[in-house]
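A.B. asks: So the chains spell out like this:
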Amino acid sequence: MKEYKTINEVSGPLIFVEKTEPVGYNELVYIKLEDGTTKRGQVLDTSKDIVVVQVFEGTGGLNRSCGVRFTGETIKLPVSIDLLGRILSGSGDPLDGGPRIVPEDRIDINGAAMNPYARKPPEDFIQTGISTIDGMNTLVRGQKLPIFSGSGLPHNDIALQIARQAKVPGSEEAFAVVFAGMGITNEEAQTFMQDFERTGALERAVVFLNLADDPAVERLITPRLALTAAEYLAYEHNMHVLVVLTDLTNYAEALRQMGAAREEVPGRRGYPGYMYTDFSTIYERAGVIKGRKGSVTQFPILSMPGDDITHPIPDLSGYITEGQIVVSRDLHRKGIYPPINVLPSLSRLMNSGIGEGKTREDHKAVSDQMYAAYAEGNDLRGLVAIVGKEALSERDRKFLEFADMFEDQFVRQGRDEDRDIDTTLEIGWNLLAELPEAQLTRIDSETIAKYHPAHRAK
Amino acid sequence: MEVKGTIYRIAGPVVTVIDVPTKMYDVVKVGNEGLMGEVIGIEGDKSTIQVYEDTSGIAPGEPVENTGMPLSVELGPGLLESIYDGIQRPLPVLMGLMKSDFIERGVTAPGLDRDREWEFTPVVIKGTEVKGGDIIGTVPETHIEHKIMVPPTVSGVVDDIKSGSFKVTDCICTLADGTELTLMQKWPVRAPRPSRKKLMPNIPLITGQRILDGLFPLAKGGTAAIPGPFGSGKTVTQQQLAKWSDTEIVVYIGCGERGNEMADVLNEFPELADPKTGKPLMERTVLIANTSNMPVAAREASVYTGMAIAEYYRDMGYDVSLMADSTSRWAEAMREISSRLEEMPGEEGYPAYLSARLSEFYERAGRVDTLSGLTGSVTVIGAVSPPGGDFSEPVTQNTLRIVKVFWALDAKLSQKRHFPSINWLESYSLYLDLLSDWYNEQVSPKWLQLRGDAMEILQKESELQEIVQLVGSDALPEDQQLTMEVARMLREIFLQQNAFHPVDTFCTMEHQYGLIKAILKYSDMANNALESGVPLEDIISVKSKDDLSKVKFEKELDEELDKVLATMDNEFETMREAVK
Ligand SMILES: Nc1ncnc2c1ncn2[C@@H]1O[C@H](COP(=O)(O)OP(=O)(O)OP(=O)(O)O)[C@@H](O)[C@H]1O
Ligand SMILES: [Mg+2]
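In order, the protein sequence lines correspond to chains B and P.
Going by numbering that gives the first Met the number 0, 125 is the number at position 126 of the first sequence; the sequence numbering is gapless.
Going by numbering that gives the first Met the number 0, 309 is the number at position 310 of the second sequence; the sequence numbering is gapless.
Everything hinted at is true.
The list that follows gives simulated cross-link-like pairs (lysine-lysine, DSBU-like), each with its CA atoms no further than 30 Å apart: (1) LYS397(B) <-> LYS542(P); (2) LYS28(P) <-> LYS18(B); (3) LYS75(B) <-> LYS98(P); (4) LYS45(P) <-> LYS18(B); (5) LYS357(B) <-> LYS289(B).
What the hints contain is simulated information worked out from the structure, not anything from laboratory work.
Make the full structure from the sequences, and use the hints.
C.D. replies: This is the structure we're talking about:
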């Protein structure tokens, strides 16, 4: 490989290299520093005059006399089944003192788009043991369902609880977990690692860690490495893989930083105009393929700047993912764990994962009715603040009480409380039974006759 | 003419080439692998190409070749039941050729199957004079009869016409000047196909969706936009339209959206029956799937590919509906490419020509007299995905300036699980007047009156709601409480419609009329009863009112509705007796 000493300019995370032989777009680049260390980069723009390279480990310590080598290939992840149990850096180097992976194959980390025709619509119910998810925002295998959270909220605990408890009822197999930390603090990383070790989950996990003090540009490849590993385990080794990506907000910040360095015309709030497309090349790497056994399910976490769901990061994510689980500061302040607000939450694939033969025939009706009742009760809270409880009709008072009980009994549960779907639906019915039966307009009479506690008791 | 040149520069999907003469929109093969691209800019001896495939690894100096042809679609039998990417590559075929479940590059396949044979029956004879758009014969494509037409730019006298089994590229007709016609023709996607004249859109598109047909109808050949934040129901609504609209042909474009949604359509449509013909929905459908993670340049092209196909079936005299989900992703593709070209950005970084492109696109909708004298239509429904759900952004605003129907999705409604989450106060249809004759003749002369009454009650509710927010509902006078109750019925019974319920998913015009009439009948009787002294409490707790809320889920809606109405009469009769 020819080494060029023709860096013309270093600017932010970018270097500009002159007088090269033809260099391919997106190629992997090695940059050798004077102290002998090597950094990696990727070609962003290539022409006969100049090649623009973004440097993953940051351009600190770089100058015009560094040597640049173009590898002639795009970035690849060496893969083998031995990835399981390993902890790797945000660019894929071992962090756990273990040996380098002896590759069975080397796979382009950008991953080609799945042919839509090859996809099988996801439909296998995953029981997370968390009522607000299983009961009202059901997750299915092959879905991408993010947690929208905010700083200081217990999203990591929720993600860990899901990673521990997730199972497909009736199937013995545990999920393999691929974890990608992007710009997370050392402490957060510790929490995750300790939990993985405590529960023995690490054996079935691959961990990629880019910490807060690691270079921001590296964050752009961390999730892609993780998803490449996940696809490999899913499609070559028939595993069901749960991918936890945290925190996408740090990823987006890195993307913004790169855009600024390239002097691009910024889109909304300074984020690049192509952020939607870029996000999609991460989120769309979830799914199930016809005729293959494995699957990739994504559970990305992102913190909403200023708790604002219309901020471009949650907004563009929500436009790609198949719903969202929204963590609420209000519920958290009330001391409720997990503080999941079901109203803005949604699982778009819920309908294909529930019902007779999958969960229970009454599942949808219970969920719809609880949504309607909780939404109504919650609205009334605003009114009560103005006119007082006395001004409410008897009916409205019932709904107001329902909202409180719902939060206290259905939403609230222990960090280690693993509720099966029957338990979740039972809690739901007991709460609904507190409302006048005539108000259960979302449930048909047969279902009421069969499941309503008042009728069953007889 | 030298058609070969070399690559000068690559930056993502935008490639600059030198030493090759080009025209705007020529299709160019780029690099050693011959990736497909299209000329989108020319400056001096350099041309800028948007490439429809991933450009990773392509290097300056690699060859390029200009085909000299604009980006075109293949039109002929075999389009129906197909699923294509944005540049009409059949996805199932690609899967076979690539031997992969993922889209690899450098592989291409023609839009129409070259080996399949079709049964052609001519309708002209030797000596017939034909011109562009004339039908020369038919092919049974699915249950749809595919009409083989003379390409719009060709005319002459039939010298020879065949009959029998042919492949799409076989010659089936020769004109006196030697021109050979095949079952297939090509058409440049960015150019509208010609028609004789545009007609007034005065027939509604019946969608089976109560809030659409009932309150904000779209006309065949009309245009509608459905903007809304994520998760508010754009895709479900578009898919409902694709399933239940009473058009003969449906073109559904997944433009920069999710792969699983397309898989869902592929899974479901062959199983569902068209309410009009009873045939599988797939038989009338063409799918275009250029998901968000597929190349943006092909996403940009996808809406045109879909439109050209839609116009082609329109030219056969069919009613076609075209759904594009989402036009915002198309606009973003334009923005991305424009910024790579370092063009002067307009509002929010979108190119200055955004508005022109949008109107050119929607302008291709319409009900027309075709070149052969038939009547056909293309109805266009575009989803819009405004950032942050804010309708003041450029794509929504530019779209609303063009389209005649606005279905405004509302996150507040979807959070309450009020579906379809279309806001009845913000939405509008400008076709209502044009359609009034149709309603009077086909539904009932009373229909528009009832619709107006319902809208008035809903409007009134929102005014009362503001008072209730301040003082609570018990403080309202009883007649106003009753109005609120009727409005609730209109919302819950008529407006709410569950797309996933086997019966409720589709509601005929007749049933829509029945439901709205029943609710308003309750309203009248309730108001009378209130005046004659019946307590409000009794009026709103009649059993027939609860029954009415369940009727829409019944298969035998008519019978059930009659029963409910009879009960209602009795109940009110009894109440009136009691206060006499
Ligand atoms: N008519 C309906 N009946 C029942 N459920 C509905 C209806 N419309 C929408 N929904 C529910 O809302 C969810 C979101 O709808 P949809 O996927 O259409 O949103 P969208 O506006 O297309 O969002 P995005 O912009 O992210 O694609 C659906 O998964 C479904 O659960
Ligand atoms: Mg959608």
